[in-house]
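Colleague: Listed here are the chains, written in short residue letters.
Protein chains: 4
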Amino acid sequence: MTDPEELAAKVREGELRIHELEEHADHDTAAEARRLYVERETGTDLESIGDYTFPAERAEPNIENMIGAAQIPMGVVGPVDVNGEETSSNGSGGAADGEHYLPLATTEGALLASVNRGLGVIRTAGGADARVTKNGMTRAPVFRVTGVAEAAETVEWVTDNFDALAEAAESTTSHGELLDIEPYVVGDSVYLRFAYDTKDAMGMNMATIATGEACEIVESETPASLVALSGNLCSDKKPAAINAVEGRGRSVTADVLIPGELVEERLHTTADAIAEANTRKNLTGSAKAGSLGFNAHAANVVAAAFLATGQDEAQVVEAANTITTMDARQREDGTSDLYASVSLASLEVGTVGGGTKLPTQSEALEILGLRGGGEPAGSNADALAEIIAVGALAGELSLLAALASRHLASAHEDLGR
Amino acid sequence: MTDPEELAAKVREGELRIHELEEHADHDTAAEARRLYVERETGTDLESIGDYTFPAERAEPNIENMIGAAQIPMGVVGPVDVNGEETSSNGSGGAADGEHYLPLATTEGALLASVNRGLGVIRTAGGADARVTKNGMTRAPVFRVTGVAEAAETVEWVTDNFDALAEAAESTTSHGELLDIEPYVVGDSVYLRFAYDTKDAMGMNMATIATGEACEIVESETPASLVALSGNLCSDKKPAAINAVEGRGRSVTADVLIPGELVEERLHTTADAIAEANTRKNLTGSAKAGSLGFNAHAANVVAAAFLATGQDEAQVVEAANTITTMDARQREDGTSDLYASVSLASLEVGTVGGGTKLPTQSEALEILGLRGGGEPAGSNADALAEIIAVGALAGELSLLAALASRHLASAHEDLGR
Amino acid sequence: MTDPEELAAKVREGELRIHELEEHADHDTAAEARRLYVERETGTDLESIGDYTFPAERAEPNIENMIGAAQIPMGVVGPVDVNGEETSSNGSGGAADGEHYLPLATTEGALLASVNRGLGVIRTAGGADARVTKNGMTRAPVFRVTGVAEAAETVEWVTDNFDALAEAAESTTSHGELLDIEPYVVGDSVYLRFAYDTKDAMGMNMATIATGEACEIVESETPASLVALSGNLCSDKKPAAINAVEGRGRSVTADVLIPGELVEERLHTTADAIAEANTRKNLTGSAKAGSLGFNAHAANVVAAAFLATGQDEAQVVEAANTITTMDARQREDGTSDLYASVSLASLEVGTVGGGTKLPTQSEALEILGLRGGGEPAGSNADALAEIIAVGALAGELSLLAALASRHLASAHEDLGR
Amino acid sequence: MTDPEELAAKVREGELRIHELEEHADHDTAAEARRLYVERETGTDLESIGDYTFPAERAEPNIENMIGAAQIPMGVVGPVDVNGEETSSNGSGGAADGEHYLPLATTEGALLASVNRGLGVIRTAGGADARVTKNGMTRAPVFRVTGVAEAAETVEWVTDNFDALAEAAESTTSHGELLDIEPYVVGDSVYLRFAYDTKDAMGMNMATIATGEACEIVESETPASLVALSGNLCSDKKPAAINAVEGRGRSVTADVLIPGELVEERLHTTADAIAEANTRKNLTGSAKAGSLGFNAHAANVVAAAFLATGQDEAQVVEAANTITTMDARQREDGTSDLYASVSLASLEVGTVGGGTKLPTQSEALEILGLRGGGEPAGSNADALAEIIAVGALAGELSLLAALASRHLASAHEDLGR
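Protein chains in written order, with our numbering: chain C, -11 to 405; chain Y, -11 to 405; chain G, -11 to 405; chain F, -11 to 405.
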């Protein structure tokens, strides 16, 4: 039965349920049938949604009840100029190097123009540095114990038996490595925050499966009973200090030093004015707001890069845990250069798995030269994190400069009165 | 000159800059030229990205440097059953009513299936209640004063002159209403948090423009000088307590009471087990994580609904400020029903403006019956907020039940040993 | 029966309980008996604890089971020089004016010396400005409703009936005024944050009693049932963003502009060095720590002032919600002055009630000229808040300068190598 | 010159400065002279403040500019019944055991009575369990680097050279052990959070001195320059998530299981009613308040115990990072017992150093049997932490029960209508 009209009719008549269509037809036909059904039920015409241009089957790991696709405009900014060469004798270089066009998908007008302006200034300044300073995808199950005595006993056992737990966890994955288990006790609940190096995968699923395996040992060897594989100390897609402080996924930071002349010529303001705006807005303003995000709009750039490259869109939440600093560095001649940095505490990215395999997303990763696993493993995801960080840096620079120059302009008007 | 190859060559030769192409060709040709240029520069084939199916011109307000589109799989869940009828004599009813299919665009497999399961249970339970309990889009400029004496003077002036500021602000908009100006002082910085009823628009731009107009009066009548139109007490796209506590956009809450039998039959667990998992994970776990989000994965549902309906994807950040509660309500016969709720403090949504006019997004809003302005103004955005909240509730229910039932299952195994 | 030995014996023999002694003897004898009992039980000699020098009866409202007193060393710093004269035509002057010695009780060596150094610099700079920018003691009961529909109904009723609730609340107090009721909804819980002007009292009890009265009306007129008179949105003695953002008790800010020469002569460093230390430590460091306190050690000064003047010691928690800013303000001649400020969001102080009536505490308030109610009502507590703020400012200045000068010193050594 | 009148006159005439008096007379005379001076300047009579009963010299390490003492009423509660026996084969027992009277100094009426009521219930229930689950006093200096490349290099060096840094740090102390150095990067700032086992000392000074020594090595071996010995990631006396999540000083948790009958007889309510009040107030209410403290009034008990035993009063700030849980545990017969716990993430206590040597404070520690160093080292401070935790637990129990029973009472009245 591959006639979508017929299938839609069967759904309408209650003979088939809406999620069962793929059992009776190929994926595209099933999607069409579902679309037909919804069109009739809601009196709509879903032509555009139905006008997707990939085989529906390729989206099977990514969606259920498919009716088509959302088409989000995509553009490019750049090149993003990253200085990835090794900068120290001990080898702490960056993973990304050279110039990369960065694809961004968004519906927010002016975003790409703004980021692009910032990237141009960064290029003229000789490029940005970027480093992944920490890496660990986390999953934190919660266990029930009878009370604090058992909690202490459980924590002690876990601490003493890291190797056994690592062996169990790593038996479920060919790539992942267990880096750490951090225990937290609250009354009769014990939380164990497992952290993994998941290489080029964002790694949430890998971490979950591996942790599940380790939990079985914890349950069999201690008095603790598993209540939930995620106890929210992970913390996935929640605005949590634990991520902002300790990181999740990649902790990545990027910076650039922009000569004073360049600030004036291209950004039409001064290092001092930008630094002031950053301090009053991003530092003091965020402080007063009780915020975990001390930036102007880092989430904008991250969200657009995530959409383009097939990342988990809801993890924009953690990406917003970003601190932006802008300082005027005085030179000997009395003029000032602008030092600007962004530090994203918890950027969860991958170049394999998840949405990265979908056609448009896969092509977007190709633009960056980062599709699939890196060599060595993990280097592609590192590089993606670094490039997104430089994109975010460009966005911060551009917006802060706009604020500062507008202010300077009005200051000039004031003087002109 | 409308040959994309020629245009791409000009970019390559430095005669044209990448963002200038729309000046020399129609939007689709410009996008093609840009794509050709990027393909050559990066050695890629961007066929899928180029395979978008809307006139590029329609995306002009939404993107610069367009090369095509990201196609994100879209499905539907539902129907979402919302009891919107007025439930009290004084008229505090909900804006959404009846059954609605909710379109979701995502790359996270199993999400729609999970939400759909939760929605089925909610329907069988008679539907969910949902209410927008607060509404106000905010913009908070920061001003420089010489010190606290001037700060106090400025705050006093602003408090005394709300009407004049409202008049100025509202002169820039046909729909927006200024609701409140909340002042905050930190040393020589004064922040004024303007809150607007922006009706069916998400309203960020409206609020910014209106606030800019009001700022001119503040600058001319007080000693305060504007430093930045946004001083981060707004707070846009940052994980800030001010939004979690005071709200931004819509504060919306949804709940349902599920009979114990239904919990057992359909969710294969008990109200007590779900309540326990929620308390240990969403309440205590989030507490220990220093979180502003006390939920399991509300951001997942919101992100997918935002993508489908053309909302600002980066505002998923604020949407994650959600508290989920689950309680076992004991009945006289000793059995327990499950009370479940979600409260989204800061859900920023609109049915006009932004990405809502793009073809697939517009159709998604039509599925909901909420495209364009509502009658009365604001009711469509209210209803969208309520439906998304019920979707998030379904997602929470489904995930918590899965955790609790898996646990129950393993508990049963334990007993069997 | 007024022989303490006999009373102690009766406690030992189980004939009397330890808290019943005041029923059988005067307060000093009861305390002695209790001390004797504890000495025997624990094999200790509590001579010093018993060597208090006030009539035990005066402590009756402050303690139960008294055995004596803790003696905390008290010193003075100052004078604290506050410029309280009206500085604007519209009268937003400060409550404190002129020079005041500030008594501090502490066991932390070097604290008074440090604060004193800062105060000396402030005096030479012409004194500090200080302003109470917000005032409101809060109490937030939590109510149970059946769900969000009732929650919305309750909130609407409360908003519509502010006057009736104010009348009820104010019927319980001769001084307090209800300023505001802010409603918050989380599922089936409704929180109402009542804010009062409690004049010269810290006002926690006043606010609790008044709110209790208002709650009866809420319960009788709406479907809501009171669960707890405090629902933690108050929020008393907890580190809560709601206090840091919206304030509790007095929001008070103090600042000073210190000429560059003075920074060099007296603090042995420069405005730039202090500003850098403040930015990296108090702003960026606190940001990374997920903190609500962006200061160096404001709590030290507040705790010592609270102890000396009979404030509620546990409310040091809220006092720590302080933001310190330090900026170099460039002069025309190229040199820089130092602008320094502290903004305490939630400083809960009173000059009547609580511990303020005890002998040593009462004398400490007399040193400040602030014992008892002010004229107009509230002005004494305002002035106390302002003076403590200037004390905190001095502590911040002194510590930051010490850090910066040590750094400068070692920088000089570096150059010397 | 030992005549206080003469000394006071010299201060008045400007011949001596107020802090120089100890150079010209013994400490008591100096304090008297200073008091005389202040009395004349402020027109006050400081008889009570001057009526302290310890040799002023003993307070020399604790105060400057002494004029006398604050006398804070002290009482006792208890006994505090702690089950410290080893409860597991691997030895994770508690440090405190048996019954202890707990001295509390406060001016908040009803506090001791409330705690005492809770302690009585705990005793009848067989005592509470308490465990220190983590221990580490922290100090986190901030360093300046040129940018993220140097930051990464510095972090790498520090990680690779833990042993050398530990050796340097530990060379400054006979007891302290360096446990960990956690690096954090924000742009061109590097923060290193050093954590020490400081045994029976609270350890702030020990940690500072040891860290200072280690910093010299960091400065000489890496490009990093020290800006401030404390960069606020420590974080001392600030309401910071890093402490609430990762702990500072002792992380200590205490709990008790109270039979349902006992809840009814002694607390006049039910486990269910208490659990409900705790969930709506301490969990959900604190969640909505953006709080790091999920408790009712833990800071009250801690502040009073700190004052009595000579702890650093300003560190009540961190003590407030406490989570209280209360659950009804159903028995087979259908009735419910009450499980109650408190988890204090960051309780900074010591039994040596600081204010612990002052006469009344020292006696208070003797009441607890915990004066001076423990055997093994650290066990006295551990035990103090555990006993204070049980005190806090009692306070939480008592207050929550009061709220719940009042509610039950009014519920009964409702039924009676």
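If you are wondering where the hints come from, they were derived from the structure by calculation, not from laboratory data.
The C-beta atom is built at its ideal place from N, Cα and C for all residues, glycine as well.
You may find that some hints are simply not true.
As the list claims (entries may be wrong) - Computed spacing ranges between beta-carbons, pair by pair:
| hint | chain 1 | residue 1 | chain 2 | residue 2 | range |
| --- | --- | --- | --- | --- | --- |
| 1 | Y | Glu35 | C | Arg0 | 32 to 38 Å |
| 2 | Y | Leu167 | F | Thr147 | 21 to 27 Å |
| 3 | C | Ala101 | G | Glu249 | 45 to 51 Å |
| 4 | C | Glu3 | Y | Leu167 | 38 to 44 Å |
| 5 | F | Glu87 | G | Glu87 | 49 to 55 Å |
| 6 | F | Asn193 | Y | Glu252 | 23 to 29 Å |
| 7 | G | Ala101 | F | Glu363 | 34 to 40 Å |
| 8 | C | Pro43 | Y | Glu252 | 50 to 56 Å |
| 9 | C | Pro43 | Y | Ser159 | 51 to 57 Å |
| 10 | F | Glu35 | Y | Thr147 | 53 to 59 Å |
| 11 | C | Ala101 | Y | Glu(-6) | 48 to 54 Å |
| 12 | G | Leu167 | F | Asn193 | 40 to 46 Å |
| 13 | F | Arg254 | G | Glu1 | 54 to 60 Å |
| 14 | Y | Glu(-7) | C | Arg0 | 48 to 54 Å |
Said to hold, decoys possible - Taking lysine to any residue pairs in the SDA-like style, the calculated list, with each CA pair at most 25 Å apart, reads:
| hint | chain 1 | residue 1 | chain 2 | residue 2 |
| --- | --- | --- | --- | --- |
| 15 | G | Lys(-2) | F | Ser393 |
| 16 | F | Lys345 | G | Thr112 |
| 17 | F | Lys345 | G | Ala101 |
| 18 | G | Lys(-2) | F | Arg111 |
| 19 | F | Lys345 | G | Lys345 |
| 20 | F | Lys345 | F | Arg111 |
| 21 | F | Lys(-2) | G | Ser36 |
| 22 | Y | Lys345 | C | Lys345 |
| 23 | Y | Lys345 | C | Thr41 |
| 24 | G | Lys345 | F | Arg111 |
| 25 | G | Lys(-2) | F | Asp39 |
| 26 | C | Lys345 | Y | Thr147 |
| 27 | C | Lys(-2) | Y | Gly108 |
| 28 | C | Lys(-2) | Y | Arg254 |
| 29 | Y | Lys345 | C | Glu27 |
| 30 | G | Lys345 | F | Ser36 |
| 31 | F | Lys(-2) | F | Lys345 |
| 32 | G | Lys345 | F | Pro67 |
Claimed, not checked - Looking from chain C toward chain Y, a few residues come up when the C-beta cut is under 8 Å (computed):
| hint | residue |
| --- | --- |
| 33 | Ala13 |
| 34 | Pro247 |
| 35 | Gly248 |
Colleague: Run every hint past the structure and note whether it holds.
Modeller: Right, here's what the structure says about each hint:
Range check, Glu35/Y to Arg0/C: about 37 Å between beta-carbon atoms, so the 32 to 38 Å window is met. Between Leu167/Y and Thr147/F the beta carbons are some 52 Å apart, a value that contradicts the proposed interval 21 to 27 Å. The given range of 45 to 51 Å is respected by Ala101/C and Glu249/G, whose C-beta atoms sit roughly 47 Å from each other. For the hinted restraint 38 to 44 Å between Glu3/C and Leu167/Y, the CB-CB distance of approximately 51 Å leaves it violated.
Look at Glu87/F against Glu87/G: about 52 Å separates their beta carbons, and that is inside 49 to 55 Å. At about 60 Å, the CB distance of Asn193/F to Glu252/Y disagrees with the hint of 23 to 29 Å. Our hint of 34 to 40 Å for Ala101/G and Glu363/F holds, since their Cβ atoms are close to 36 Å apart. Pro43/C and Glu252/Y have their C-beta atoms about 40 Å apart, which leaves the hinted 50 to 56 Å range violated.
Between Pro43/C and Ser159/Y the C-beta distance comes to about 53 Å, which sits within the given range of 51 to 57 Å. Between Glu35/F and Thr147/Y the beta carbons are some 46 Å apart, a value that contradicts the proposed interval 53 to 59 Å. The given range of 48 to 54 Å is broken by Ala101/C and Glu(-6)/Y, whose C-beta atoms sit roughly 24 Å from each other. In this structure the supplied range 40 to 46 Å holds for Leu167/G paired with Asn193/F, their Cβ-Cβ distance being about 44 Å.
Taking 54 to 60 Å as the suggested C-beta distance range, the pair Arg254/F and Glu1/G does not conform, at roughly 23 Å. Checked against the hint of 48 to 54 Å, the pair Glu(-7)/Y and Arg0/C passes, with Cβ atoms roughly 49 Å apart. Note on Lys(-2)/G and Ser393/F: the hinted pairing is violated, with a Cα-Cα distance of about 32 Å set against a maximum of 25 Å. For a cut-off of 25 Å, the pair hint linking Lys345/F to Thr112/G is broken: about 37 Å separates their Cα positions.
Proposed proximity of Lys345/F and Ala101/G is supported: the alpha carbons are some 21 Å apart, at most 25 Å. Taken as a hint, the Lys(-2)/G and Arg111/F pair is honoured in the structure, with Cα atoms around 21 Å apart against an allowance of 25 Å. The hinted pair formed by Lys345/F and Lys345/G fails the criterion: a straight-line CA distance of about 28 Å is larger than 25 Å. Distance hint between Lys345/F and Arg111/F is unfulfilled; the C-alpha atoms sit about 31 Å from each other, more than 25 Å.
Taking the CA atoms of Lys(-2)/F and Ser36/G, the gap is near 33 Å; set against the 25 Å cutoff, the hint is violated. With a C-alpha separation of about 28 Å, the suggested pair Lys345/Y and Lys345/C falls outside the 25 Å cut-off, and the hint is violated. At most 25 Å may separate the alpha-carbon atoms for a hinted pair to count; Lys345/Y and Thr41/C meet this at roughly 21 Å. A threshold of 25 Å between alpha carbons decides the hint, and for Lys345/G with Arg111/F the separation of about 35 Å lies outside it, so the pair is violated.
Taken as a hint, the Lys(-2)/G and Asp39/F pair is broken in the structure, with Cα atoms around 33 Å apart against an allowance of 25 Å. Taken as a hint, the Lys345/C and Thr147/Y pair is broken in the structure, with Cα atoms around 55 Å apart against an allowance of 25 Å. Restraint check for Lys(-2)/C and Gly108/Y: the C-alpha separation of about 19 Å stays at or below 25 Å, so the hint holds. Annotation: proposed proximity of Lys(-2)/C to Arg254/Y holds, straight-line Cα distance about 24 Å (limit 25 Å).
A hinted pair counts as satisfied when its Cα atoms are at most 25 Å apart, and Lys345/Y with Glu27/C qualifies at roughly 19 Å. Restraint check for Lys345/G and Ser36/F: the C-alpha separation of about 12 Å stays at or below 25 Å, so the hint holds. Taking the CA atoms of Lys(-2)/F and Lys345/F, the gap is near 33 Å; set against the 25 Å cutoff, the hint is violated. The hinted pair formed by Lys345/G and Pro67/F fails the criterion: a straight-line CA distance of about 30 Å is larger than 25 Å.
Here the hint on Ala13/C is broken, as its CB sits about 16 Å from the closest CB of chain Y, past 8 Å. Look at Pro247/C: its Cβ only gets to about 22 Å from chain Y, farther than 8 Å, so that hint breaks. At a threshold of 8 Å, the smallest CB-CB gap from Gly248/C to chain Y is about 20 Å, leaving the interface hint violated.
The structure does not agree with the numbered hints 2, 4, 6, 8, 10, 11, 13, 15, 16, 19, 20, 21, 22, 24, 25, 26, 31, 32, 33, 34, 35 stated previously, though it agrees with the rest.
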